[in-house]
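J.: Listed here are the chains, written in short residue letters.
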Amino acid sequence: METGNLILCVITAMILDISALVLILSTYFEKLDGKKRWKKIGNDMELVEPGITYALESDEVLIGRHGSVDIRLPDLSVSRYHAIMTVCNGIWTIQALNPKAPILVNGQRISKTKLKEYDVIQIGTYKLQIRKRRRQNGNNNR
Amino acid sequence: MKSIKRSLRLVSIIVFAFIAGMIMLVLKIQKEASFYISHSNTAQLGFVYDRNGEILFDSKATPETYGENYFIDVGNLIGDAKGQMTNTLVANNIEKLNNYSFSMGLVSKDGKSSIHTSLDHYANRKVYDSFGTSKGCAVAYDYKTGEILVCTSLPSFDVTKGYADIENFETGTLISKVMYGTVPGSTQKVSTLLSAFQIMGKDKLFSKSYTCNGIYMNKGGNEIVCHNSYGHGTQNIQQAFQNSCNPFFAQLVEDDDMPLENIIKCYEKMGYAVNDDKEQYFDINGIKCERASTTLKDSYEFNTQWGCIGQGETLVSPMQLMMWQSGIANQTGKMTMPYLIKYTTNVENEIGDWAETSYSEEVFTPESSTEVRQIMLENGKNYSESISGYNIGIKSGTAQIKDGEEENSLLVGFIEDERHPIAFCVLLENKNNSDTRSENIVKTMLDALCQ
Amino acid sequence: METTTGKVKYVFSAIFVLISHLAMLTNMFYNGNCDPSNMNKFVILAITVIGLDILYFIAMLFFKQSTYTIDFMLIFILNISLIFQSSFGGISLSVKHLVTCIASLISCRLGFILCRNHKWIQAKKKAFYIATGIIMLCILTLTGSRSMWIDLGFFTIQPSEFLKPAFILVCTTYILEQQNKISVWKFNIVPENLICTGFIILICGLQWWCRDLGSLPTFVAIYLCGLCARLCYPKAKLSKKMIITGIASLAVLAITAIILAPPYVKSRLFVDIWNDTSGDGYQQSQALIAIANGGWFGKGAGNGDLHNIFAYETDLVFASICEEWGLFFAIMVVCAILIMLASPLVNPPRSYFHATLATGVCSAFVVQMALNIFGSCNMIPFTGVTVPFISQGGSSMVTCGFMMGMLIAGQSPVFKNPTNNKKKKVKSK
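Protein chains in written order, with our numbering: chain A, 1 to 142; chain B, 1 to 451; chain C, 1 to 429.
Since the hints were made in silico from the structure, they are not lab data.
Glycine included, every Cβ here is placed at the ideal spot set by N, Cα and C.
Be a bit skeptical, because a hint or two may be false.
What the hints assert, rightly or not - Pair by pair, the computed Cβ-Cβ distance ranges are:
hint, chain 1, residue 1, chain 2, residue 2, range
1, B, A17, C, L253, 16 to 26 Å
2, C, V252, B, T365, 49 to 59 Å
3, C, F310, A, T3, 47 to 57 Å
4, B, A17, C, K181, 25 to 35 Å
5, C, K241, A, G4, 27 to 37 Å
6, C, L250, B, A20, 37 to 47 Å
7, B, A20, C, T245, 21 to 31 Å
8, C, V8, A, A55, 37 to 47 Å
So that you can see chain A by itself, here it is in the shape it has in the complex (with noise of 0.2 Å):
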């Protein structure tokens, strides 16, 4: 084969890598959309302990005290297992998991409910708190 042709040959195999790279990065820069997708899905919500916030990163976020959970108490008072939140339309519910375990939302004892903002869920000898996440900078979302 000749040099030209050669040289073409690298050339648009360069052209097809760039191409699929220029793809891949514009996922990367989608991701930070996607975050503030999430936002809005998740309505921004966090979970507040008194020193600790939880993010609320993704749809049925369990809370026990096993390893696996997303949001970790380790507490014997806690069921391994304890709840689960699952979020639609930017509302946020809690489910209890274990019929044994009681979940004591703004102190009534529910099994499953949708939470309102500033909503007391109390999880063993845990208290944690529903509220819009704060930022420390003060960048304002949409």
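Add chains B and C to chain A, keeping to what the hints say.
T.: Leaving out everything else, chains B and C in the frame of chain A:
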């Protein structure tokens, strides 16, 4: 989120495993592409050269371009790429001849792939011609470096003419007899002598003497016949070796100082497959060469004694007979390993695969090799007329085949010459109906190599 | 797409896809088998490729999605594969492949619409059990025990391909489902896992009966990924032990399968292709020779010789590409498919259902590619599976498109309750 991350980790493991596989694939293709191409119909093969740059193989050769029978002396050793012969140099090293590289692709015109062999086409041709109408084979190599200089086998054929006439080929045309076992005859006595030196030691062996009356009745009650029907009388080992006296060696094997298990041990060290039915091979540049084999059951038994004398079930390839000579000639007890390919060049004329001289393990003790060397040189003085001009160490052999109907003549030996350290083995089939003698072939060969 | 940056990105990506296709066509024009006599064929191909690109870009504007990356990758790969398939053994537009490409794009949309709302599809899980069962029944009744195709006269369908996305959906799970345990003899068992295991056993038996052992590894891989997603989640601390036992038992299973395999399978598993270049090893040895002939940059489009070999456009497609376009190019295309599969790593899904969906799709694609590419290159036994999107074959293209749709769904999910049909609205404080 934890669970999602965990399952994504699974995705990355799968993807990376696949990427690893792809890398392996690319490396494999890189490495083996030349091999793949050599199996295709479009392969462009380079040349095989002899040590002086003469062409020994050209894939495009016709009888017209090179003249008829130009390659006939190496026909069944170098072979061709047509796939009929499998145990040839070209068939087993075809990827080295391939004018191809993965980055350049097939190179049809100016490819420089080649194999440079150590053969001497001139001498090879002379040796081939010296056989005349007889059949047989001859092999010679440099026992210091291991370069095979002469290797020819008759009958042979002209590869440029192809296989159209294959039905009329004589048996053995398509193989190089050098690589296959043959009855060694009295040349086997070299092995037995080496074993005797190792088992008894020099002094004890020289003190032994046995009587030969032409026929010896062994302890098992069978007759061992000597080729001299009048008998050789009482002889020591030196005389018996020169006379090639069968009764002497039969009695030596029977001797209580030569236990059979020690003989077997010595033989096995030399590379014999003793009492083993399986065919075994060793490798010379991809060409398979049969290993020596024999059957030794009982010291007093007829077959065992004949096995040590060189008849019976003993089979040794001429190549291996010659290799033992290197251990004797070098007085090291280690064989110089022979090779055919000196070096190769790839498509861009880069030299690779430089051959290096290598030696085997010690197959017999250096002391025994010194003694045997002396005895063989002494024996060589008897050939000062037929093979004149060389300080030669030699052992002749006559092998009876086809139940004694035909006799093959064998000569193994070496010459003591600093400039031309040559060990050789010549096999002349059916010597009684031949118009030449094996001595003449050796003489021709040495003259051609040492001119 | 709501923002201006989104629009810029969309146009930018579209331009890059177009540039790469144009580059390939230019390469084809100069290096390929493009003499004046078949110039018109080349022009038709070029117009088709570019036209399909532009039409797709316009059509995509009607779908509101959060990200379009996989969509761009999909058209990128599909048109590359169309160019490949049109070049084997001479340039002319492969109409059959064009039709299957369009079908694939449509089924991709279907897959996306079906899977984007995980809450809805989670609730419909029983439907997938039924669908899988129906497909299996179809295989059992319609294909016969020695074939894997249903002949419809003008085209043939390979139902085992359709089983793949159905089985991926069966193997998906979500966290709430895994919490639903029942106690049987002191063991806490999730009934859904049992159903899933039952399905894989049935599928294995069915594939064995159909002599379609080539796609068996794909199903096993999908199942294993599903199993991992099930076992590793609730019992994370046991996961290592579990994985090791799983691998060990799988190895034992594979060895027994090899020992018990019928002779025709065994002869396929252990074949020295170079000793039998005219018999069993014919395809593979020709494929390897073709790869070696192609070298790094190939012989040029339309100049290959491999199109004389059976299955050059399906099973041996990797070798065909290598011969005409070069190993470098073939690797690039495989990388593009891998990048497409890896996009969930960059932009992670937001629900476990979509995450397990992504693992299933990824394992199915990678295992198929591995079986085909490594098989045709004699690294592993040669099986008749296709490379997703690159090989010709209607059933395969449609199902691969569907599976890609599942992957897109994970990137642009919708969160709605199945019972709640109200539009999403801004919540008031």
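J.: The structure should be examined with respect to each hint, and the outcome stated for every one.
T.: Taking the hints in turn, this is what the structure says about them:
no. : hint                           : verdict
1   : A17/B with L253/C: 16 to 26 Å  : 19 Å, holds
2   : V252/C with T365/B: 49 to 59 Å : 53 Å, holds
3   : F310/C with T3/A: 47 to 57 Å   : 36 Å, violated
4   : A17/B with K181/C: 25 to 35 Å  : 32 Å, holds
5   : K241/C with G4/A: 27 to 37 Å   : 60 Å, violated
6   : L250/C with A20/B: 37 to 47 Å  : 19 Å, violated
7   : A20/B with T245/C: 21 to 31 Å  : 24 Å, holds
8   : V8/C with A55/A: 37 to 47 Å    : 30 Å, violated
Going down the numbered hints, you'll see the structure goes against 3, 5, 6 and 8, while the others check out.
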